[in-house]
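Asks: The lines below spell out each chain.
2 protein chains.
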Amino acid sequence: MLDAQHIQALKEIVGEENCFDDKAHKLAYCYDATRNRYEPDAVIFPRCEEDVSRLLAYCNTHKITIVPRGAGSGFTGGSLPVNGGIVLAFEKHMNKILEIDMENMVARVQPGVVNKRLQEAVEAMGLFYPPDPASEEYSTLGGNVSENAGGMRAAKYGITKDYVMALRAVLPNGDIIRAGKKTIKDVAGYNIAGILIASEGTLAVITEITLKLLSKPKLRQSAMGVFPTIESAMNAVYKTMAAGVTPVAMEFLDNLTIRAVESKFSKGLPVEAGAILITDMDGNLPEEIELQMAKIEEKFKENGALSFKKAASEEEAKDLWFARRNASQSVTIYGKKKLNEDITVPRSKLPELLQRINAISERYGVKTPCFGHTGDGNVHVNVMVEDGSDPKQLEIGHQAIEEIFKAAVELEGTLSGEHGIGISKAPFMHLAFTPEEMNLFRAIKQAFDPNNILNNGKMAL
Amino acid sequence: MLDAQHIQALKEIVGEENCFDDKAHKLAYCYDATRNRYEPDAVIFPRCEEDVSRLLAYCNTHKITIVPRGAGSGFTGGSLPVNGGIVLAFEKHMNKILEIDMENMVARVQPGVVNKRLQEAVEAMGLFYPPDPASEEYSTLGGNVSENAGGMRAAKYGITKDYVMALRAVLPNGDIIRAGKKTIKDVAGYNIAGILIASEGTLAVITEITLKLLSKPKLRQSAMGVFPTIESAMNAVYKTMAAGVTPVAMEFLDNLTIRAVESKFSKGLPVEAGAILITDMDGNLPEEIELQMAKIEEKFKENGALSFKKAASEEEAKDLWFARRNASQSVTIYGKKKLNEDITVPRSKLPELLQRINAISERYGVKTPCFGHTGDGNVHVNVMVEDGSDPKQLEIGHQAIEEIFKAAVELEGTLSGEHGIGISKAPFMHLAFTPEEMNLFRAIKQAFDPNNILNNGKMAL
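Chains as they are written, first to last, in the UniProt record's numbering: chain B, 1 to 461; chain R, 1 to 461.
No wet-lab data here; the hints were simulated from the structure. Be careful, since some hints might not be right.
Stated by the list, open to error - Partial list, derived from the structure: chain R residues whose beta carbon lies under 8 Å from chain B: (1) ASN191; (2) GLY244; (3) ASP376; (4) THR414; (5) GLY420.
Stated by the list, open to error - Estimated spans, in silico, between C-beta atoms of each pair: (6) LYS116(B) x ILE97(R): 41 to 47 Å; (7) MET102(R) x ARG363(B): 31 to 37 Å; (8) LYS301(R) x ALA121(B): 40 to 46 Å; (9) LYS309(B) x ARG47(R): 54 to 60 Å.
Built from N, CA and C at the ideal position, the CB exists for glycine as well.
Using the sequences plus the hints, can you model the full thing?
Replies: Structural data, given as structure tokens:
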């Protein structure tokens with residue numbers, strides 16, 4: 001608990017109107033997409049980097065926990081104040097696009113800018129910011145950087161870390177640092193931006209982000225392939241990409257997911273199919289897209305596709321994508337509680353991963369609809385618990401999840417392709433990292449944050 | 001000095017035949033491309049990761065300095081044993097391409113593999129490893145990762161860090177760690193690979209590197225534009241790229257460099273030109289290349305190009321590139337000692353950077369031929385000292401260099417786009433980093449290497 005004296009001091013730093021310890025604010029900032037709840041002792045809206053610096057210096061002196069928060073849309077509890085303390089929210093003031101530099105194709109933004117707002121702003125100028133997490137409509141770029149957000153377009157365009165050129169940040173002691181440059185090449189000093197990305201707000205508070213932009217591809221075409229089995233679809237994924245095709249996206253839905261969407265929306269989906277793959281190509285020339293689409297069709301058919309359909313219009317493209325876009329909300333027909341994980345493996349291991357998930361699903365008697373970004377090996381596996389209030393059912397679900405994590409790691413994959421560790425995956429860190437590796441993580445945390453004030457209790461640190 | 005007991009212990013770890021403290025070995029491993037000389041006390045060729053681990057554990061216990069070394073081709077002294085100790089050389093045993101995984105388009109190599117060897121091996125399989133530092137014929141991938149090497153193709157394809165998916169490394173205490181995965185997405189734990197890249201061997205010894213590969217573009221075309229002034233050429237660079245063109249390379253030579261190459265090789269170069277730009281496009285379709293080439297020609301001419309020539313054959317392309325490839329060796333006609341720096345600025349700042357270099361050159365009465373990778377804002381500026389043995393002339397040269405660094409930093413650029421800091425640029429770190437930022441670097445060094453045994457005396461740490 002923060003006593004009245006601390007609250008007063010904090011109000012002096014950011015102004016009365018930007019520091020709250022009333023119940024309403026505590027409730028509004030106590031949750032994220034995990035639906036866990038941890039109330040903070042105060043919610044603060046810093047006006048500027050200088051505010052952040054003074055806040056951190058104060059908290060460091062008084063050993064007060066401080067948790068930076070984007071939109072609270074994370075799936076692993078990264079922004080939850082599990083030990084109380086202060087939630088630092090950027091949406092009120094530090095939410096500005098500071099610069100779109102067309103000459104150098106770079107954007108400079110504050111952490112509270114919503115991903116989609118930047119996408120739209122740069123597209124209006126013929127530029128392109130590729131990372132598009134499913135939360136793009138509300139998640140912030142500060143959160144995206146802190147979790148190293150991915151998205152649908154990662155197969156061709158990579159993820160958030162591939163676009164961060166420079167950061168400004170405040171260290172727990174209040175020091176303001178810059179990391180990186182508005183240049184493609186910069187090898188002076190340690191790559192601090194590199195380690196702040198994906199550090200889940202545990203090392204420093206990001207106050208400004210410089211992002212690389214591309215020029216916007218003029219053309220885009222979608223296509224869908226229907227496969228008899230999940231294995232045939234997974235083989236098609238990696239063989240298509242190994243043939244030199246670089247689709248923007250290569251998404252899949254398994255049979256359970258297809259059935260779920262169909263039962264909810266009656267779209268005439270192939271409910272007997274083992275899987276469908278939905279893919280997008282982009283480019284600036286029709287010939288370029290045609291060439292790649294022909295190669296995709298060839299590889300899909302070589303690997304057993306029952307049908308292959310190219311969208312002839314924007315409308316048809318939307319139709320092809322409908323099933324994928326509505327996958328997540330549809331699978332809830334299989335259970336009230338969804339344990340949603342985002343394991344990732346090298347693409348060639350996808351067939352085996354899906355086989356193993358299937359075996360685990362049978363062994364534990366749980367349904368595990370899968371869909372996701374197979375173009376980069378990223379599978380959203382959903383362990384469905386029929387009654388989430390039944391601790392026994394929940395326990396079985398968690399056991400199945402642990403088995404799935406083990407399978408991913410055994411197949412040279414990772415616990416998390418997109419969502420981060422936070423609190424949800426912290427219990428599984430030992431599956432992926434050795435004690436020596438965990439020691440190194442802790443030494444790095446200690447180097448940045450010796451008093452452990454910043455988003456403590458996360459990542460099994 | 002290492003006493004006989006230590007040498008004996010080291011020999012027991014790696015075998016008699018892999019540990020040397022004779023004069024010949026000390027001399028052979030005492031220099032790099034800076035031509036500075038610092039003799040090590042011993043040269044060791046580890047056979048495997050386990051050797052590296054046992055060596056580091058031993059050195060950590062006895063506080064013995066250990067300096068990892070690639071090919072010794074660095075320009076900033078990164079691999080020089082400035083405080084003596086052990087040089088760790090990988091060329092004898094740890095020089096193997098372990099795997100080229102075509103299904104996932106990934107290569108796994110040991111640190112001693114020469115860059116070009118990997119390029120050739122993957123190209124024979126239709127794949128492509130883009131980073132191509134000028135030293136590609138001899139520099140090693142371990143060195144490339146440690147210095148985050150760039151190259152000619154960075155404008156389109158980025159630099160070494162954009163291809164490192166995972167590393168294995170040994171910490172100074174002997175702990176073996178893995179960092180990253182053979183997956184595009186991986187957000188579990190701190191991004192240790194991100195901070196090891198460009199850390200110049202000061203944090204850990206890299207023992208295995210997993211690199212992303214692309215599929216090899218089928219077509220390539222080169223072109224050259226001749227410009228009346230350096231400013232017109234620099235404007236053409238950034239305006240071409242801001243128009244959405246993504247050339248593989250966009251290289252320039254200034255008037256002094258053109259004259260130097262011409263005087264040495266009599267190739268009929270335009271010696272009155274202010275600058276020439278040489279560019280390469282690649283792709284899989286002739287239409288794609290044509291479209292982009294047309295845009296380049298348009299932008300070059302809009303910005304004052306006197307002529308524009310596309311290579312009609314492989315032979316003509318080689319001819320266009322001749323001047324650029326022989327720039328570095330040719331500028332020595334202006335002085336025996338070349339102070340060669342690799343500053344980088346945002347592309348739109350190139351015209352002003354070149355103006356400032358020109359003014360500095362006049363103020364100090366030194367010739368400063370410039371050439372380099374303008375597509376990514378990277379300029380190789382050469383301050384020529386007529387007589388390198390004259391301390392007065394050398395002092396003037398160093399003053400000019402310091403002014404040039406200041407100009408680069410003022411223009412939002414960096415001290416080094418490719419070469420790193422090592423010892424050569426350590427005295428200038430205060431121009432680019434605040435005391436707070438330097439403190440953070442030191443805290444990170446301390447977290448990895450509390451006894452400061454690994455490549456100490458570098459990067460102004």
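Asks: Falls inside 40 to 46 Å, the C-beta gap from LYS301(R) to ALA121(B)?
Replies: Violated, since LYS301(R) and ALA121(B) (Cβ atoms, about 31 Å apart) do not stay within the stated range.
Asks: Given a cut of 8 Å on the nearest C-beta pair, is the interface hint for GLY244(R) held or broken against chain B?
Replies: Holds, about 3 Å.
Asks: Tell me if ASN191(R) is really an interface residue toward chain B, meaning its C-beta lies closer than 8 Å to one of theirs.
Replies: holds (5 Å)
Asks: Any CB of chain B closer than 8 Å to the CB of GLY420(R)?
Replies: holds (5 Å)
Asks: Taking the beta carbons of LYS116(B) and ILE97(R), is their distance inside 41 to 47 Å?
Replies: holds (43 Å)
Asks: Going by Cβ atoms only, is THR414(R) closer than 8 Å to chain B?
Replies: holds (4 Å)
Asks: Do LYS309(B) and ARG47(R) keep their Cβ atoms within the hinted range of 54 to 60 Å?
Replies: Since the Cβ atoms of LYS309(B) and ARG47(R) sit about 56 Å apart, the hinted range of 54 to 60 Å holds.
Asks: Holds or violated: the 31 to 37 Å window for the beta-carbon distance between MET102(R) and ARG363(B)?
Replies: Hint holds: Cβ distance 33 Å, inside 31 to 37 Å.
Asks: Less than 8 Å between beta-carbons is the criterion; does ASP376(R) satisfy it with respect to chain B?
Replies: Status holds, d = 4 Å.
Checked against the numbered hints given earlier, this structure breaks only hint 8.
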